[in-house]
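Chains as they are written, first to last, in the working numbering: chain A, 1 to 273; chain B, 1 to 296; chain C, 1 to 427.
Hints in this document: simulated from the structure, not taken from any laboratory.
Even glycine gets a Cβ: it sits at the ideal position worked out from N, Cα and C.
Any given hint could turn out to be false.
Derived CB-CB ranges, DEER-like [as the list claims (entries may be wrong)]: (1) C:K227 with B:T288: 40 to 48 Å; (2) A:A73 with B:P86: 31 to 39 Å; (3) B:T19 with C:G312: 42 to 50 Å; (4) C:E285 with B:M149: 30 to 38 Å; (5) B:R10 with A:P162: 33 to 41 Å; (6) B:T205 with A:T12: 16 to 24 Å; (7) B:L281 with A:R260: 35 to 43 Å; (8) B:I279 with A:R98: 55 to 63 Å; (9) C:T66 with B:G51: 35 to 43 Å; (10) A:R6 with B:S191: 15 to 23 Å.
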Amino acid sequence: MTRSLRWIAPTTVTWVLGVLFLFPVLWFLLSSFKPGGELFTWPLRLFPEDWTVSGYITAWERYDFQQYFLNTAIVAVVTTVLTVFVSACTGFALAKYRSRWVQAFFLCLLATTMLPTEVIMPSTFSVILGLGLYNSLAGIIVPSIITATGIFMFRQFFSTVPDELLEAARIDGAGEFRIFFRLMLPIARPIIAVLAIFSFQWRWNDYIWPLLVLNDPDKYTLQLALRSIVGAENIDWSVLLGASVISLIPMVLLFLVFRRQIMNSDINSGLKD
Amino acid sequence: MAVTTARKERRRRGLVAATFLLPAFVLFVLFFVAPAGLGLAYSFTDYRGYGTPEFVGVGNYTSLFADSDFYRSLWRTFLYTAVSVPFGYFLTLIISALLVSRETKGAALAQVVFFFPWLISPIVTGVVWRWMFGENFGLINYLLSSLGMGSLKWASDPNLALIVVILAGSWGGTAFSMLLFMAAMRNIPSSYLEAASLDGAGSLTRFVRIVWPLLRPTSFLVILLGTIGAMKEFAMIQSLNGGGPGTSNVLIVQYIYKTGFEQSKIGYASAASMILMVILLVIALIQTRFDRSDLS
Amino acid sequence: MPSMNRRTLLAAGATAAALTPALAACGGGSSSGGGASDKPLQFVVSGDANQGGGYAAMAKKYKEETGVEVEIVDVPYDDLATKITNAARANDLPALARMPSLDPAWLDRTADLADIAAEVKPIEGMYAEDENGKIPSLPSDLTAVGMFLNKDLWDEAGVSYPASFDDKVWTWDEFVDAATEVRETTGVKFSMAFDRSSHRLNSFLYQFGSEGLALSEDKTSYAANDKTAPALQYFVGLNDDEFIPRSVWLSEDDPNAMFKTGQVTAYYSGSWQIADFAANITDFEWVSVPMPAQPVQATNFGTAAVVVVFEGTGQEEEALAFVKWLYSKENYAEISRISGFLPAVQDIEATYDSRQEDFALYNAAIEATPDFLKKAKARELELQAAGTAAPIDGDPLRDGIVKVINGETTVDAALETALEQLNESLA
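Working from the sequences, and respecting the hints, build out all of it.
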């Protein structure tokens with residue numbers, strides 16, 4: 001096969017999979033432009049007969065999206081910065097200091113993902129009350145900082161950084177903290193970008209802590225507004241679809257921005273010297 | 001002399017490690033150990049969410065182990081995990097490789113396409129896939145019948161229902177592993193790959209023999225987290241088919257909700273949760289043993 | 001590049017770390033209780049916006065009339081109970097709330113509404129007092145189970161149906177025959193869609209002469225009479241993928257969506273669908289019809305939710321005043337109109353903006369239901385008010401019937417298990 005034709009196979013496979021992936025998304029997006037009466041028709045129609053933005057308008061008027069975006073954004077940004085920082089520190093220590101206790105701690109951290117939320121929730125709430133964090137933004141930020149996934153990500157990444165690099169820096173006279181800040185973190189830029197995307201998305205979708213910890217409904221988050229569209233017996237689909245699409249837009253934009261950080265990093269890892 | 005210095009050096013490094021680990025440790029104790037400890041305590045009582053709990057010893061555990069529904073749910077969860085984790089892993093691996101390759105045209109746009117499903121909430125995901133795979137009014141059956149093949153019982157057949165869950169789960173979860181693989185692949189020095197292609201290796205060979213082994217740390221991460229996630233699956237399967245048909249696809253977390261929280265049997269639910277955690281820890285330990293990414 | 005990254009990260013980290021204590025202080029300011037007459041009254045509800053915003057409209061009117069601000073806090077239905085329970089633990093209960101039922105976790109913090117109840121006269125059985133004569137809640141509105149028909153299909157098939165209780169009401173056998181004929185003539189997929197809930201199933205049971213899984217008079221046990229098992233068996237028999245699609249009960253397929261496709265001749269659900277259908281069914285005409293009787297004419301009705309006022313908030317007086325205002329004849333009729341409520345208070349003439357006939361049919365159905373139901377509801381409420389039974393979030397009867405339909409167990413075994421679970425909650 002000549003060089004110039006080598007793009008055919010990978011591109012085709014990618015786009016076949018892409019179309020399969022895209023189809024449900026397309027349905028979702030197109031349905032958001034259908035009037036309520038058209039959502040459940042037989043036989044099924046992909047495209048709306050009667051294009052309308054009434055779902056979007058109702059959603060926008062009923063819920064103060066700007067306020068929710070702002071509330072969620074503030075918490076998401078602060079939490080993400082702290083989360084990335086703590087995860088990087090912890091992951092680094094777990095990767096580079098391999099004593100038995102440290103590895104045991106790693107398993108303990110993994111264990112935090114192993115209990116269902118309802119078991120942990122009441123007692124965590126008590127802790128928040130006890131620390132005096134009730135009805136404050138810190139009350140929803142602090143419990144969200146440690147994430148086993150984030151720590152695990154950094155641990156795996158830093159474990160691919162060869163010890164020789166660290167040794168070389170130490171011989172050069174650099175202290176441990178300096179090594180971390182000046183050498184390790186910059187190398188970890190792709191992972192930082194990935195965790196930032198994850199963390200932002202998780203906080204964007206948070207609803208239970210903001211609901212329980214915050215008293216003022218003006219501080220509630222986006223996901224809470226979306227969940228309240230699901231009524232006790234009925235769901236207003238056209239509003240839910242419109243609201244869901246609106247709430248996705250910031251995350252998509254964020255992804256586009258951070259994507260370059262992941263894809264375009266020129267630094268080829270610690271393996272390069 | 002050298003020995004003492006080495007030991008002092010190790011202790012110094014130990015202190016540094018401790019400092020790095022301190023924030024996580026504090027948060028861990030406050031927000032996990034305390035609540036989990038309380039959960040463990042409740043598992044030995046008949047607590048109902050209000051009033052005072054009464055100590056019942058291992059009563060909850062014995063009821064749990066005597067309940068055949070518990071084993072059924074557990075078995076079904078293992079089955080789901082055993083199928084969905086490898087499927088998701090290889091699917092995402094292939095997609096990531098394709099997206100990172102320079103030979104794929106339109107990779108940037110494709111990345112957005114594969115990323116998007118992850119952003120959609122479980123409620124909406126459940127509904128969209130339900131409409132697609134609805135047994136009576138779904139799109140897939142509509143297409144199948146117009147093409148002359150009969151419609152399939154996506155909702156009434158337990159295994160078909162599980163397949164739909166696996167597909168929907170992989171669709172939604174791809175972005176997570178995809179980003180991790182892509183970041184890891186970017187880290188592989190192009191010099192390795194160039195040397196290999198100079199030696200005559202095709203792109204597939206290069207991938208399988210060079211890139212894939214170097215992705216071991218990320219693979220370990222994706223597989224372990226994927227396993228834990230699959231074992232804990234609840235929200236999506238709930239919105240897709242409610243654990244149906246009947247109770248054939250009630251996975252373990254849904255079992256805990258139905259028999260525990262929904263009936264205000266907090267003690268029982270805590271006991272079942274503890275057992276689940278032990279199982280997951282064992283799985284994590286086993287997978288850690290198999291993780292050879294430390295052998296560099 | 002690397003140093004810029006490090007500096008940015010450090011700066012961000014430092015800012016975040018510095019902000020956190022500040023954020024700890026920031027928030028609602030004053031915590032629980034005392035002297036909060038300048039703060040608005042928080043009224044926690046769920047789904048008000050979905051239901052036409054009746055409470056929001058009334059809050060606005062109240063502010064215009066009295067200057068007191070009532071803040072409607074609309075919370076997701078699935079999270080409502082958790083929110084209030086945890087608010088109780090944090091000593092931060094709202095002034096009042098509209099809850100699905102009474103929960104022992106905060107029952108002892110509710111104010112006594114006996115005075116208001118005496119004045120307002122809610123419908124019998126929809127409110128209860130505890131052993132001390134305290135009435136912890138008032139019903140917010142009623143919902144009732146009912147059946148809808150796809151009028152276009154029935155007319156097309158030329159099959160007649162009773163349009164109101166004045167016509168001869170049909171039996172289940174007659175209805176099954178009629179709906180089957182409609183389905184076969186018009187070639188649609190199913191005869192009936194039936195909501196997946198024991199709330200609807202109970203009305204079905206009543207129509208066969210059963211009294212459902214009833215709480216005994218002394219409130220110590222649940223039992224089912226001998227008409228129950230055959231009725232359940234009849235229902236299971238209907239779930240054959242021709243009359244009723246099995247995917248609804250088995251896999252939580254959406255019966256509401258199915259009816260809207262126009263491929264189902266009848267839909268067994270309830271009064272809350274009227275507003276949704278009025279807005280979202282545009283392809284065909286639909287009507288509410290009396291449900292079949294075999295031989296009992298009955299529907300299942302009850303409080304959709306109850307209104308409670310919490311103590312310890314420092315705003316009890318203002319909250320009670322608002323509740324009294326809300327339940328005055330004029331205002332209650334107004335909110336019933338806006339939100340499409342079936343009135344839970346006696347002697348209310350509610351006029352609705354549309355589909356008056358449907359609402360009239362539901363109110364007539366409630367009247368026609370035998371008395372045992374009101375007494376049974378009252379007993380259930382008294383049990384809740386006493387606070388001794390564990391709240392059951394799930395639906396044991398429904399879960400049992402789902403298993404039967406799936407072939408996993410028998411009707412008798414399912415009934416027994418459901419009764420067992422209910423009795424356990426009393427212990």
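Hint by hint, here is what the structure shows:
1. C:K227 with B:T288: 40 to 48 Å: 60 Å, violated
2. A:A73 with B:P86: 31 to 39 Å: Holds, since A73 of chain A and P86 of chain B (Cβ atoms, about 38 Å apart) stay within the stated range.
3. B:T19 with C:G312: 42 to 50 Å: 45 Å, holds
4. C:E285 with B:M149: 30 to 38 Å: 35 Å, holds
5. B:R10 with A:P162: 33 to 41 Å: Given a distance of about 20 Å, which is not inside 33 to 41 Å, the answer is violated.
6. B:T205 with A:T12: 16 to 24 Å: At 20 Å between Cβs, range holds.
7. B:L281 with A:R260: 35 to 43 Å: 39 Å, holds
8. B:I279 with A:R98: 55 to 63 Å: With Cβ atoms ~26 Å apart, the hint is violated.
9. C:T66 with B:G51: 35 to 43 Å: Since T66 of chain C and G51 of chain B have Cβ atoms about 40 Å apart, the given range 35 to 43 Å holds.
10. A:R6 with B:S191: 15 to 23 Å: With a Cβ separation near 21 Å, R6 of chain A and S191 of chain B satisfy 15 to 23 Å, so the hint holds.
Figure legend: structure checked against the earlier numbered hints; hints not met, in rising order: 1, 5, 8.
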